[in-house]
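*Asks:* Top line first, the protein sequences correspond to chains R and D.
So that you can map any letter, position 346 of the first sequence is 346 in this note's numbering, and since no number is skipped, the others follow by simple counting.
So that you can map any letter, position 25 of the second sequence is 25 in this note's numbering, and since no number is skipped, the others follow by simple counting.
Derived from the structure by calculation, the hints contain no laboratory data.
What you were told as hints is all true, and nothing was included just to trick you.
With a Cα cut of at most 25 Å, we get these calculated SDA-like pairs of lysine to any residue:
{"#": "1", "chain 1": "R", "residue 1": "Lys536", "chain 2": "D", "residue 2": "Glu56"}
{"#": "2", "chain 1": "R", "residue 1": "Lys487", "chain 2": "R", "residue 2": "Glu530"}
{"#": "3", "chain 1": "R", "residue 1": "Lys467", "chain 2": "D", "residue 2": "Asp101"}
{"#": "4", "chain 1": "R", "residue 1": "Lys467", "chain 2": "D", "residue 2": "Val96"}
{"#": "5", "chain 1": "R", "residue 1": "Lys24", "chain 2": "R", "residue 2": "Lys408"}
{"#": "6", "chain 1": "R", "residue 1": "Lys437", "chain 2": "D", "residue 2": "Val96"}
{"#": "7", "chain 1": "R", "residue 1": "Lys467", "chain 2": "D", "residue 2": "Thr45"}
{"#": "8", "chain 1": "R", "residue 1": "Lys430", "chain 2": "D", "residue 2": "Ala33"}
{"#": "9", "chain 1": "D", "residue 1": "Lys76", "chain 2": "R", "residue 2": "Leu112"}
{"#": "10", "chain 1": "D", "residue 1": "Lys99", "chain 2": "R", "residue 2": "Gln360"}
{"#": "11", "chain 1": "R", "residue 1": "Lys446", "chain 2": "D", "residue 2": "Glu121"}
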Amino acid sequence: MGGATYVKNERGEIEKVILQSGVKVKPVYGPEDLADLDYERDLGNPGEYPFTRGIHPGMYRMRPWTMRQYAGFGTPYETNERFKLLIAHGQTGLNVAFDLPTQLGLDSNDPLAEGEVGRVGMAVDTLRDFEIAFADIPLDKIGTGLTINAVASIILAMFQATAEKYGFALGKVSATPQNDILKEMVSRGNWIFPVGPSIRLIGDTIEYSAKVMPRTNPVSVCGYHIRESGCTPAQEIAYAFEIAMTYIDHVLQRGMDIDDFAPRISFNLDIFGNIFEQVGKFRAARRLWAKLLKERYKAKNPRSMWLRGLFGGGGGGLTKQQPLNNIVRGAYYALISALSGTQTMALCSYDEAYTIPTPQGAIISLRTMQILLEEMGLRDTVDPLGGSYYVESLTNQMEERITEEMEKVEKMGGMAHAVEMGYIQREVAKQAYLYEKALQEGEVHKVGVNIYSEGEDEEEVQLHEYKPAAAEAQISSLNEVRRTRDKRKVVSTLRDLEKAARKGENLMPYLLQSVRAYATMGEMTRVFKEVYGEFKEPSIF
Amino acid sequence: MVKGKRIRVLVAKPGLDGHDKGAKVVAQALRDAGMEVVYTGLHQTIDQIVNAAIQEDADVIGLSILSGAHVPLCEKLMRRLGEENLSHIMVVVGGVIPKRDVQKLRDMGIEGVFPGGTNFEEFIRFIRENVK
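Isolated chain R, as found in the complex:
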């Protein structure tokens, strides 16, 4: 009964069901619930506005969803090996994890990086690390997700320089940096610079990649982490849309046309929760996003109206207790993703409540998605739940809830302001607390946690080993680069970068020069810190 609140009568029968987003579920749905439904207006065929049923006419018949497990740890050499392992097992996209120093713009030898180098992802100090990590990877055939935010502009420049070095045409490579700083400020915590300049940097990557690397998806707006931090499914979509519109509004102010960049904006959304609420959420989100782009932004290109995304993860639903049960949960979450018309799927691995996924954990997740695709009939027909009295009714109600939550944010003065003031952070923390209390009081059921929890409680999972030697190797490789690079070139490109930052120019061409000169992550970040300052977290208690 996870993900909903249940009220039972004295006979133990379920009297009321209230989904996390607040929708009350009726015992049965029928034609009367869809009396107002207009097929053309509210659903449309798959591939047709408002795209409720999917953004492509044939969906998975034409092309299966991309499978993109999150991976990366230790040195770039180790990460390169893991990439090759996943590709050899049939993975069709990469999703790079970076360690925390990299995500916070610190070099591996920074005192603040001690104990963290290579721990939760791959360490990147200079372009050299990118060259190693992507050696022998067909960047023109495989899309690359880059889970990086505060320094996404720097990482994107490294990606471009690497692709060029290995001879791939920039028109053919596809990078998807996460590049969503507002959700970092709300939930994931890897922010560096203040709100305004951070949004500017995102604007730079959007504007630049539209011209130079047109297959790049410069921003992947994440409701995912906000949901994992505690908000409801309706709030997840509302906050993601408000964040996306903040970036869109900024780029429009630069004079770009909506149809020149909106088609490349994508989303990263969570699949943890009640199956039907989730499917309703995704269908409602697709319809609402299409309407927003068409009506509010006057987009003309249908691609601008597409809600494309990675519907995946589900980490919030996994448990430390009885960890093998997480394999089963992962399979249901993958089913939600497929029933919801995702473009890309990734699953948290069963051991992820403990550790960075082991190779075994990562492969089981990949196989889970492959079993769904190859054995279960999910490719046969588009939007198989479309037309269900319950699902269509829920889709309508989820759209209403999402719209209500969006209005609340807009009344607060928009997402950038609401995040600066800590309003969203406070609401998300409150929801997390309420959910945890409901779990502890048994109102929300969780198998192995507050129900059927008897039996084996010992850890059964193998842990990913952190190797301090990898950190030492990384630091000596950084020192080697520092010794052999042209120092004058580094200094002069960094000076140009600073000047351009003060003038408010698009910084991507300058970052590219610094990256090519093997300037370090820390050096480039320091320039930004000097020009922009740092984000001050609002106090929310």
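Following the hints, position chain D against chain R.
*Replies:* Structure of chain D alone, referenced to chain R:
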């Protein structure tokens, strides 16, 4: 602990890890249990946490760590507390803590280790009963 005095808890996020859902949930639970709670915010160095503990006159420091770096971070905190003669402050740790590390943390002088999913009641009672 003086009878009737409210327990003061510093909830702290050391290191670079940005996952603070647990820290914020725990802060709210401790506050609802009648304790005074200060949350440091993210990206704190051990020195900043020790300073905050002095400033806030904390009885308890609750560290939240999910990155796997709990052993080096806890070692450093306990060493700094010793140097500052603050060993009377009770230190508890929560987050992603594998079982095999629990004893290691206890041996350093960490009094309570509460992995994710621990009941509120359990750590609230533990703090009430063991705070000095």
